[in-house]
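Peer 1: If you're matching them up, the sequences are chains B and W in order. Sequential numbering of the first sequence, starting at 1, is according to our numbering. Sequential numbering of the second sequence, starting at 1, is according to our numbering.
The set of hints was computed from the structure by calculation and includes no laboratory data. Treat the hints loosely; a few may be bogus.
[What the hints assert, rightly or not] Pairwise CB distance ranges (calculated): (1) W:Q23 with B:D51: 38 to 44 Å; (2) B:Q460 with W:Q23: 29 to 35 Å; (3) W:Q23 with B:R452: 40 to 46 Å.
Quick reminder that beta carbons are idealized off the backbone N, C-alpha and C, glycines included.
Each chain is listed here by its residues.
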Amino acid sequence: MRASIYNIYIPFADSGQFILVHGYTGAVDLVSSDVVDFLQNFEQTNGNKRDNSIGQKTIETLIRRGYLTEKNSEEENRRLLQIASLLLKRYQKVDFPEFAIIPTYDCNLRCFYCYESKLRVKGSRWLKTRITKEQIDAIFQAIPDLCSGNTNKGEITLYGGEPLLAENLGIVEYIIERGKNLNLSFSAVTNGVDLERFEDFLGDKKITRLQVTIDGPPRIHDTRRFLSDRSGTFRLISQNINTALDRGVKVTVRINVDRLTVSGLPTLIRIMEEKGWFSQAKFWAYVSTVHCPAKLSSQHALRDSELFQEFDKIKSLVSESKKIFMNDGGIKKLFKKALSDNRFPPLRASFCASGAKMYVFDPFGDVYGCWETVGDTKQRIGRYFPELKIGNDFMESWSKINIPNLPKCQKCKYALFCAGGCAYRTYSNSASDSFCEDFQICFANSVASACREFLQEKSQTLSNSTIDRREVIKDERKDYAFK
Amino acid sequence: MSEKITPLNEDLLVEASLEELEQKLEFGASPTCCDGLRVGS
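Throw the hints in and build the complete structure from the sequences for me.
Peer 2: Here it is in C-alpha cells:
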C-alpha cells in the first residue's frame, strides 16, 4: 500500500481543514489536517512508518477513494494515460465542434495590446478583405462534413478582427440567414462599438450571446480601447450593452486587467452597478489577465494568481456575487456542478477545443484551429474554399499538444485538470512541452471556492428542509386540532 | 463516513473497468476555447 502520486492537497480557508482531490479517480473530500499529515508521511516513508492515528475507518475511506493505493507509480501512470486516451477519443466524436467565422480581419479599434495587431502590417487591402457569399455557402456545406452528429442544435461564433463592423452588415445578415436554415444560433466576440447597427440581428435564432470587452472605468478604458481618431468608446459600448440586454441577448463583459488598470476595478464595478447590469438575468462579467508578451512588458502584465487576489477584493463589491467570476478556464463552475451532481469533476486531455475540434474560417478560404493563430498562414490547419481540405503538418504537430503526447505532463498530479496548458502560449513562449505558469495556485483557488459555495448551499438546503419539515408538523398539528 | 474525512462526491473512476470508463467519460464537459463567453449558457 502506498500514497498515490496524484493526491492534491488544497488548504481550505482558515478552517485548518483541507480539500483533497485525486488527479484521476475524481475523488474530492474535505479532510482534517492530520489526514494530510498522515498521507504526506506515508508518501515520504513509502508507508514504512505507518500509524493508525487517523483511525481504521478513515484509512478505509482513503483506500476506497484512491488516495491510498496498491498500484505502483508506473501502474498509476498507465491508468492516467488510459483515461486521457479515452477522453481524446471522445473529443473526436463531439456532435458539434467549435465553429467560428471571421467576416473580415479589419477592426475599428486600435488597442495597443491587441494580439492581432501584427496583422496590420499586411496593409489595408488585406485587412478589409471581406468574406464572400460563395465562401459562406462553402462553410455551410462543410459544417455537416466536420460534425459527427446532429448539426441542428449548434452555435457559430462570429469573430474577427471586429465581426460586427457596420460595413459587415450585409454579409453578417447572409451568414445568419444561412444559419437559420440549419436551426443554428450565433454568438459574437465583439468590441460593441457598432452594435447598434446590428439591433435587428440580436435575439432568438439570431445572435443570442455577446462577449464585449471593457478595460476599466472611462478614464482607463478610453486610453486603451479607442477608435482610429483616438476617441474613446466607453459611453458608446455601454449604451450598446443596454440595447443588447433589452433585446434579450446574453451579454458577458470581459474585463481585461493588468498592473496599469487594476486600480480602476472598484470604480468600474461601481459604474456597472449603477447601470443595473448585475441585476439583469442575462448579464455576466469576468476578469481576465492580458497575455501579449510582445506588447505588454512583464513589468505590467499580471499573473493569473495575482489577479485571483485582486478578484477576492472586488467580488464583495458586486451585489450579485455570482454574476462576476475569474477566467479560470471554467474550473470553478465545472467543479461545483460535478459536486452538485455527486460525480467526479470534469477531466480533460487537451487544454481547449483547439487541440481537439475547432474550426475558424477566415475571408481567405483558410481554416485555423485556434482563435489566436488566425491570419498566420503558417499556422492554418487547412482550407475550406474553393475546396474543403483539412489537415497538414502544422495540424499534425498542434494536435499533439495533449496529455497522451506529453510524457512530462503524465507524471503531474494536475495533468487531467490542466491538460498541458494553452497550446498557443506554449508556442509563443517557446516552452519545451507545456505551459504551466501558476496553474497550481489558480486551481487551488478555484476548487476551494467551488467547494465553499457547494457546502454553503448544501447547508442552506438542509436548514430549509428542516424548517419546511417543522412547518409540516405544525400544520399537521393544526389540522388535528381542527378535526 | 468518518469525522476526519467527508467525501463531497461519490461517482468516481477508482475501480472502473475500461468499458465503464468509456461510458462514464461519454458525459461531462468538452474543452472549450472561450469559457467566459459560455458561462451564461
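Peer 1: All hints, please: hold or fail.
Peer 2: Here is what the structure says about each hint:
1. W:Q23 with B:D51: 38 to 44 Å: holds, 39 Å
2. B:Q460 with W:Q23: 29 to 35 Å: Since Q460 of chain B and Q23 of chain W have Cβ atoms about 33 Å apart, the given range 29 to 35 Å holds.
3. W:Q23 with B:R452: 40 to 46 Å: Roughly 31 Å apart at Cβ, these two residues miss the hinted range, so it is violated.
Violation of the numbered hints given earlier is confined to hint 3; every other hint is satisfied by the structure.
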